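Required output: the full structure, derived from the provided sequences and hints.
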Amino acid sequence: MGDILQREGALPVSGSCTQAEVVERLQVAPRHAWIIERWLLALQRHGHLQRDSDGYAWIDPPHAPQLIQLEQLYPQLGFDAQMAGLHQQVIAQLPALLADRLTLTQMLLTGNDPVAALGRYQCNLFTASLNQLCAEYAVGFATEGSPLRVLELGGGAATLTQVLIEHLDGHSLNYHFTDLSSLFTSAARRRFRLEPGFEVSVLDIDIAFDQQQVAHAGHDLVVAGNVLHNAADPLLTLRHIHACLRPGGMLLFTESIEDNLAMLTFMHLLLSPPAQAPQRRRSDVFLDTTRWNEALRCAGFQVIGCYPDDEHPLAQGGQRLFHARRPQ
Numbered sequence: 303m304g305d306i307l308q309r310e311g312a313l314p315v316s317g318s319c320t321q322a323e324v325v326e327r328l329q330v331a332p333r334h335a336w337i338i339e340r341w342l343l344a345l346q347r348h349g350h351l352q353r354d355s356d357g358y359a360w361i362d363p364p365h366a367p368q369l370i371q372l373e374q375l376y377p378q379l380g381f382d383a384q385m386a387g388l389h390q391q392v393i394a395q396l397p398a399l400l401a402d403r404l405t406l407t408q409m410l411l412t413g414n415d416p417v418a419a420l421g422r423y424q425c426n427l428f429t430a431s432l433n434q435l436c437a438e439y440a441v442g443f444a445t446e447g448s449p450l451r452v453l454e455l456g457g458g459a460a461t462l463t464q465v466l467i468e469h470l471d472g473h474s475l476n477y478h479f480t481d482l483s484s485l486f487t488s489a490a491r492r493r494f495r496l497e498p499g500f501e502v503s504v505l506d507i508d509i510a511f512d513q514q515q516v517a518h519a520g521h522d523l524v525v526a527g528n529v530l531h532n533a534a535d536p537l538l539t540l541r542h543i544h545a546c547l548r549p550g551g552m553l554l555f556t557e558s559i560e561d562n563l564a565m566l567t568f569m570h571l572l573l574s575p576p577a578q579a580p581q582r583r584r585s586d587v588f589l590d591t592t593r594w595n596e597a598l599r600c601a602g603f604q605v606i607g608c609y610p611d612d613e614h615p616l617a618q619g620g621q622r623l624f625h626a627r628r629p630q
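According to the working numbering, the sequence shown is numbered sequentially starting from 303.
Just so you know, these hints were derived from the structure itself, not from any lab.
What you are looking at is a predicted structure, and each value in this text was computed from that prediction instead of being measured.
Note that the Cβ used here is the ideal one computed from N, Cα and C, for glycine as well.
Check before you lean on any hint, since a few could be wrong.
Stated by the list, open to error - Distance windows between CB atoms, simulated:
#1 Ser316 <-> Cys600: 43 to 49 Å
#2 Ser585 <-> Ala519: 48 to 54 Å
#3 Met565 <-> Asp512: 32 to 38 Å
Encoded structure:
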């Protein structure tokens, strides 16, 4: 982040600049302006920048990035080795990406299966551990006899889907996979076409589910893997979820609860709204555990737990599994 701000002349080593000036000098597209705010706040938080009434100024410019380290670090965190190369390509193109002269989607489509590329991003030690825990809770909730009616929101590359299907093998199951993108729903339909009781449809988490052929109070379990932060209004989306669960039904969802600094120069570019859509009102995309639990209670849920706790080694990944129930 610091290297780009200095190299592109957006925030020179001497003097100070406002956030708006940095955005202008980098020619950042309006939809990506929130990313620059997160960069500046991160650099300030880590002691590289100071902020006063005149704007931001360097106090300890970071050293040049050692991108070769990505090749060792990504596999250590459980990522596919190809992620390091893709991240390096994205960093090299960040000025063009921020200015919308190039999009991350275009880069993912070039020589790659975009579904597979996004799947590799979701395959890491932290996400895998939480997906495993989510599946274990789902198995504990399944009962003999009646089919477990599952609704998955924002299924994407079906990373969580696969884990759940494997763990629930042997249980009677009606599984409804949804995503906003037909790219992912088409891929899921092909991949799970032989799974009994597996249904696929496009669904927008910002619109009442019963307006999208999802039955009111018709599901036992709703799951979502790192998707609810995309909601325009998280509380409203939680209310949509509450309405589609039967009394006593359960919600399990994983979420990042803080910025991931590496992803702010990589996959978080996908979180920017479309060019013609309203811009983000806030730059803090991810809610912390307190705000998620407050939103769950306001939506009518009973909060059961949030895992792991802050002292657990997995907490360093900045992700949590939230567990809530619609009261009887």
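Hint check against the structure, violated hint numbers in rising order:
2
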